[in-house]
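**Student:** Sequence:
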Amino acid sequence: MITWLLIGIALYYVQVFAPATVRYLKMGTMEYLGTRDAEPDLGAVGGRLQRALRNMQENFPVFLALGVAALAVSSANMGQAILGAQVFVASRAVYPVLYALGVPVLRSLAAVGGWLGLILMALALI
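Throughout the sequence shown, residue numbering follows this note's numbering, covering 41 to 166 in sequence.
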């Protein structure tokens, strides 16, 4: 489980830096390092990456809490919790790519996959 939590954390930070990288490329070094009182328009792809990040920010705390709970609860079904973590991480890795490419239905299915992973993790605790 610890491995999957660490992979999830790495995935989270990849998503944090994706829109930041777009922002940096639009602003240039000096403006990016400045006060950034006026944020540039990120464009379609950058905006999608930003929205995918916000979605991850909504789901990631639940993932972490369930993963830590699985480690702490001695009666947890660790195999099921790990499977749920794997499903979550795989789904959440695909989600921002599909979103950035503008693929509507598959993007939503990837989000559902992430929720299913969280459900598996939660059910492993009971």
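The set of hints was computed from the structure by calculation and includes no laboratory data.
Computed from a predicted structure; not experimentally measured.
Check before you lean on any hint, since a few could be wrong.
[Unchecked claim] Pair ranges (Cβ atoms, derived):
| no. | residue 1 | residue 2 | range |
| --- | --- | --- | --- |
| 1 | L163 | L65 | 39 to 49 Å |
| 2 | A112 | A50 | 18 to 28 Å |
| 3 | R76 | V113 | 41 to 51 Å |
| 4 | L111 | V54 | 45 to 55 Å |
| 5 | I166 | M70 | 53 to 63 Å |
| 6 | L141 | E71 | 21 to 31 Å |
| 7 | V113 | L156 | 17 to 27 Å |
| 8 | T43 | D77 | 22 to 32 Å |
| 9 | V113 | P80 | 40 to 50 Å |
| 10 | P144 | P80 | 19 to 29 Å |
Positions of the beta carbon are idealized from the N, C-alpha and C atoms, including for glycine.
**Student:** Given a hinted range of 45 to 55 Å, is it respected by the beta-carbon distance of L111 and V54?
**Tutor:** Cβ of L111 to Cβ of V54: about 23 Å, so the range 45 to 55 Å is violated.
**Student:** Range first: 18 to 28 Å. Now tell me if the beta carbons of A112 and A50 are that far apart.
**Tutor:** holds (22 Å)
**Student:** Determine whether the Cβ-Cβ distance between I166 and M70 falls within the hinted range of 53 to 63 Å.
**Tutor:** At 54 Å between Cβs, range holds.
**Student:** Please test the hint of 40 to 50 Å on the beta carbon pair from V113 and P80.
**Tutor:** holds (46 Å)
**Student:** L163 and L65, beta-carbon distance inside 39 to 49 Å?
**Tutor:** Given about 43 Å between the Cβ atoms, the range holds.
**Student:** Take the C-beta atom of P144 and the C-beta atom of P80, compute their distance, and say whether it sits inside 19 to 29 Å.
**Tutor:** Taking Cβ atoms as reference, P144 and P80 lie about 26 Å apart, which means the hint holds.
**Student:** Quick check on a hinted range of 17 to 27 Å for V113 and L156, using CB atoms only.
**Tutor:** Given range 17 to 27 Å: holds, Cβ gap about 20 Å.
**Student:** Is the hinted range of 41 to 51 Å satisfied by the C-beta distance from R76 to V113?
**Tutor:** At roughly 43 Å between Cβ atoms, V113 and R76 fall inside 41 to 51 Å, so the hint holds.
**Student:** Falls inside 21 to 31 Å, the C-beta gap from L141 to E71?
**Tutor:** With a Cβ separation near 28 Å, L141 and E71 satisfy 21 to 31 Å, so the hint holds.
**Student:** Note whether the CB distance of T43 and D77 lies within 22 to 32 Å or breaks it.
**Tutor:** For T43 and D77 the Cβ distance comes to about 42 Å; the hint is violated.
Comparing the model with each numbered hint stated earlier shows that hints 4, 8 do not hold.
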